[in-house]
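Produce the complete structure using the sequences and hints provided.
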Amino acid sequence: MTPQELRALCLSFDAAVEDFPFDPETSVFKVLGKLFALTDLGARPLKVNLKCDPDDALRLRAEHPGLIVPGWHMNKRHWNTVTADGALPARLVRELVEDSYDLVVAGLPRAQRLRLDRP
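Letter 74 of the sequence shown, counting from 1, is numbered 189 in my numbering, and no numbers are missing.
Since the hints were derived computationally from the structure, they do not count as laboratory data.
With a straight-line Cα cutoff of 25 angstroms, these simulated SDA-like cross-link-like pairs (lysine to any residue) come out:
{"no.": "1", "residue 1": "K149", "residue 2": "A131"}
{"no.": "2", "residue 1": "K149", "residue 2": "H193"}
{"no.": "3", "residue 1": "K191", "residue 2": "D134"}
{"no.": "4", "residue 1": "K191", "residue 2": "P136"}
Here are the simulated distance ranges between beta carbons:
{"no.": "5", "residue 1": "R230", "residue 2": "P185", "range": "30 to 36 angstroms"}
{"no.": "6", "residue 1": "E133", "residue 2": "E210", "range": "17 to 23 angstroms"}
{"no.": "7", "residue 1": "L173", "residue 2": "P136", "range": "27 to 33 angstroms"}
{"no.": "8", "residue 1": "G201", "residue 2": "Q227", "range": "31 to 37 angstroms"}
{"no.": "9", "residue 1": "D155", "residue 2": "A130", "range": "20 to 26 angstroms"}
{"no.": "10", "residue 1": "G201", "residue 2": "K149", "range": "26 to 32 angstroms"}
{"no.": "11", "residue 1": "Q119", "residue 2": "A202", "range": "16 to 22 angstroms"}
{"no.": "12", "residue 1": "P160", "residue 2": "P139", "range": "17 to 23 angstroms"}
Note that CB positions come from ideal geometry on N, CA and C, so glycine has one too.
Shown next, in the form of structure tokens:
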């Protein structure tokens with residue numbers, strides 16, 4: 116996955132925006148003010164921090180050692196750092212980004228969730 120593809124994917128979700136609260140290099144993708152993806156699109160290899168169900172996070176780390184690791188500078192129980200430079204199947208990376216978005220949306224107040232197109 117290229118940096119452009121990752122950015123486009125993150126911004127394809129309903130109400131998703133890109134912000135730079137930390138520095139000009141770190142893209143933070145949010146839905147209604149809540150973070151669901153964090154990356155430096157200029158870094159090589161391309162990596163992205165994504166929210167993940169704790170049980171799935173452990174399973175994914177075991178299945179993809181070195182490519183999916185505990186979230187760098189994040190709560191390691193709920194976040195993974197995913198290498199998105201092509202070593203993992205693009206389909207898997209897309210699913211993980213979507214899962215991260217869905218987990219964040221599920222945690223939003225009901226009134227905010229109802230404003231989104233997703234269930």
